[in-house]
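Student: As a plain string of letters, each chain reads:
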Amino acid sequence: MTSARVIPTSIAPEARADALIAAFERAGYARVTPAILQPAEPFLDLSGEDIRKRMYLTSDPQGRELCLRPDLTIPVSCDYLASPAAGKPRGFCYLGPVFRHRPDGGGEFLQAGIESFGRKDTAAADAEMLALGLDATAHYGLAAPEIRMGDVGLFSALVAALDLAPAWKRRLIKDFNHKTSLAQDLDRLTVGAANARPEYQGVLAALAGADPKGAHALVTDLLSIAGITAVGGRSVSEIADHFLEQAALGAQASLPRPTRALIEKFLAIAGDPAQASAELGAFAREARIALEPALDLFESRIRAFAARGVEVSRIRFSTAFGRGLDYYTGFVFELHDPRAHANGPLVAGGRYDELLTRLGSPRAISAVGFAVWIERLAALRGAP
Amino acid sequence: MSAPFVIAVPAKGRLQANAEAFFARAGLELVKPRGARDYRGTIADLPGIEVAYLSAAEIVDLLAQGAVHLGITGEDLVREKIPDADRRVVLVEGLGFGHANVAVAVPQAWIDVHSMADLDDVAIAFRLKHERKMRLATKYVNLTREFFSQHGVTDYRIVESSGATEAAPAAGTAELIVDITTTGATLAANGLKVIDDGVILRSQANLVAARAAKWGAAERAAARAMLDRIAAQARAQTFREVRTRFPRCDDALLAEAKRRFGVETPFGGPTSSGMLTLHCPPKHVHELAILLREKGAETVVVADLGYVFSSADPLYAKLEAGLGLSK
Chain A
3 MTSARVIPTS IAPEARADAL IAAFERAGYA RVTPAILQPA EPFLDLSGED
53 IRKRMYLTSD PQGRELCLRP DLTIPVSCDY LASPAAGKPR GFCYLGPVFR
103 HRPDGGGEFL QAGIESFGRK DTAAADAEML ALGLDATAHY GLAAPEIRMG
153 DVGLFSALVA ALDLAPAWKR RLIKDFNHKT SLAQDLDRLT VGAANARPEY
203 QGVLAALAGA DPKGAHALVT DLLSIAGITA VGGRSVSEIA DHFLEQAALG
253 AQASLPRPTR ALIEKFLAIA GDPAQASAEL GAFAREARIA LEPALDLFES
303 RIRAFAARGV EVSRIRFSTA FGRGLDYYTG FVFELHDPRA HANGPLVAGG
353 RYDELLTRLG SPRAISAVGF AVWIERLAAL RGAP
Chain B
12 MSAPFVIAVP AKGRLQANAE AFFARAGLEL VKPRGARDYR GTIADLPGIE
62 VAYLSAAEIV DLLAQGAVHL GITGEDLVRE KIPDADRRVV LVEGLGFGHA
112 NVAVAVPQAW IDVHSMADLD DVAIAFRLKH ERKMRLATKY VNLTREFFSQ
162 HGVTDYRIVE SSGATEAAPA AGTAELIVDI TTTGATLAAN GLKVIDDGVI
212 LRSQANLVAA RAAKWGAAER AAARAMLDRI AAQARAQTFR EVRTRFPRCD
262 DALLAEAKRR FGVETPFGGP TSSGMLTLHC PPKHVHELAI LLREKGAETV
312 VVADLGYVFS SADPLYAKLE AGLGLSK
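One line per chain: the protein sequences are A and B, in this order.
In terms of this note's numbering, the numbers along the first sequence are unbroken and rise by one, the last being 386.
In terms of this note's numbering, the numbers along the second sequence are unbroken and rise by one, the last being 338.
Bound-form chain A, shown alone (with noise of 0.2 angstroms):
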């Protein structure tokens, strides 16, 4: 297994790092090294304009955005589509450095990681990362990092079985990808407010009953009868269709009350995996709600991981896990020093199975990797 070879603490921090990346060779994964200099816009499509503060841009003579690679799980994976291993399954670790802007430290440093694609068998890849993802800290010292961890394919089959309308439930997966806490959101999320607006209640009202054909042909009659042209990439039955759907939304502008009081009480199954299981178990059986697939892939995951020798009662789960990435689709983790020396994870990544279909491939082909903050694990030695 891959517990707790610790490394005497006399090497050099480099020497160190190119000993983790050996390791992570001989346990499969091909090294690669993409280009430093990267296309901005994969970036800033997948992260959020957000990211855009903290990348370094430039520009070439075409007018082309360009950026200092602030993170290489999008390079290794552009590559790998480039590639004619596209589609087929492939590990790749790297180690090297990446660049964002800090208010401290400087805005270059050390990355290390794994990226594994087209695997089948999830629950053994996932759990390959975590046991990866030890052997890293292992390797800088600490054998016994604490362990965090989520799974986003939990909370998208919760939302998909709950009776809501679309406007909501694509309102809570949103929310739940980019906060790392939603619960105390639920109070003040709301959906669109336009249908709050009085002029339009009546016809919303008297839509909302209507034959949807009927309706949507009304509603694009009444943009014609206006002379207003549709600009840009919306077109008029799009419009129609989401105005509709407001209608249809009535006066549910806040979250229905046993919905949320079911939705708090999903993120509040937190602690020990196996327990949390069993917890998730019941749940779904008390609120007749068909978590089935997901939850089946926790519980394999779990065996995985004990399979792997990772012994699961130290990892910490919780359900509102959310890690705040748009791209993560299920397992989500993040060791911490558990002396809490350094400021963020050690080691941090998951399964982002819809990464590479948005990077423009054909078809879906499945992700998982981490990355590995060399400075924070180096910063650990010193640290009394």
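Please keep in mind that the hints were generated in silico from the structure rather than gathered at the bench.
There could be a bad hint or two in this list.
[As the list claims (entries may be wrong)] The list that follows gives simulated cross-link-like pairs (lysine-lysine, BS3-like), each with its CA atoms no further than 30 angstroms apart: (1) B:K225 <-> B:K92; (2) A:K55 <-> B:K150; (3) A:K90 <-> B:K140; (4) B:K306 <-> B:K294.
Fit chain B to the known structure of chain A by using the hints.
Tutor: This is chain B only, laid out in the frame that chain A set:
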């Protein structure tokens, strides 16, 4: 000789005309000793001040660096171009011209979008349907990012625009825009409307001071001389001087005039011979004159004011407080 005190003024367009008119009202004449095309000038009768004529964007850069002491430029540019603007510059005073709102505008056909919350939902739905994010054209990249972040809207991409931003949706290069608008007429002509809670900033031309500039005794004296005249003129503009001889004037009458008309008494109550000087906002001058005569005044004289200098020196005090200079 020490480095001069520099004030940067817009070099062209309506902002330049407005800025010159602003100085002219304060009796400060901007002169270009080497001809109209010169980009350096002075202020007549105010030695030790250099006027630099620059583009609005350059003014903001130089203020951020502290390469000029004061500048006249729009708050929109200050907030957009200087990260953490309040730590680098001080917005001393809004100047009452160059008004423009920076606002989020969407196609009028989007009858399903009235608020930022609606926009958020449409943005998420758009990404799911089209497998790309909505594009937003703007030259206000930073203001947009901050505002959208505050509203939790994340599913959009910024397309930088340097030309006619409002034409981008019709041209098919963006779905929505963030741009400046004064009346909304240009937006409407391009089939766009402003979202109800989508005004990011209500901007106007400001007198802006650079924190990083040298603010020694000489610079402070130069700033004080100029700001004193501007403040004195600004105050003079907001009042008319009303004089009368009025032996029966009492505190009750003064209190009534203050309460009803916002009258001020720059020299206190009437003199021993009953001479009374009041400062009254222009729109209440006639009502005040009626009141004074009802109470026994025979003649009431009203005159425009050139300057009202006060020991408080309000504009310079604001600059000093903003820059954290000690008196």
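Student: All hints are to be evaluated individually against the structure, with a verdict given for each.
Tutor: Evaluated hints:
Between K225 of chain B and K92 of chain B the CA atoms are separated by roughly 22 angstroms; this keeps the pair inside 30 angstroms, and the hint holds. With a C-alpha separation of about 15 angstroms, the suggested pair K55 of chain A and K150 of chain B falls inside the 30 angstroms cut-off, and the hint holds. A C-alpha spacing of about 28 angstroms is found between K90 of chain A and K140 of chain B, which places the hinted pair at or below 30 angstroms, so the restraint holds. Between the alpha carbons of K306 of chain B and K294 of chain B the distance comes to roughly 20 angstroms, so the proposed pair stays at or under 30 angstroms and holds.
Hint compliance for this structure: no hint is broken.
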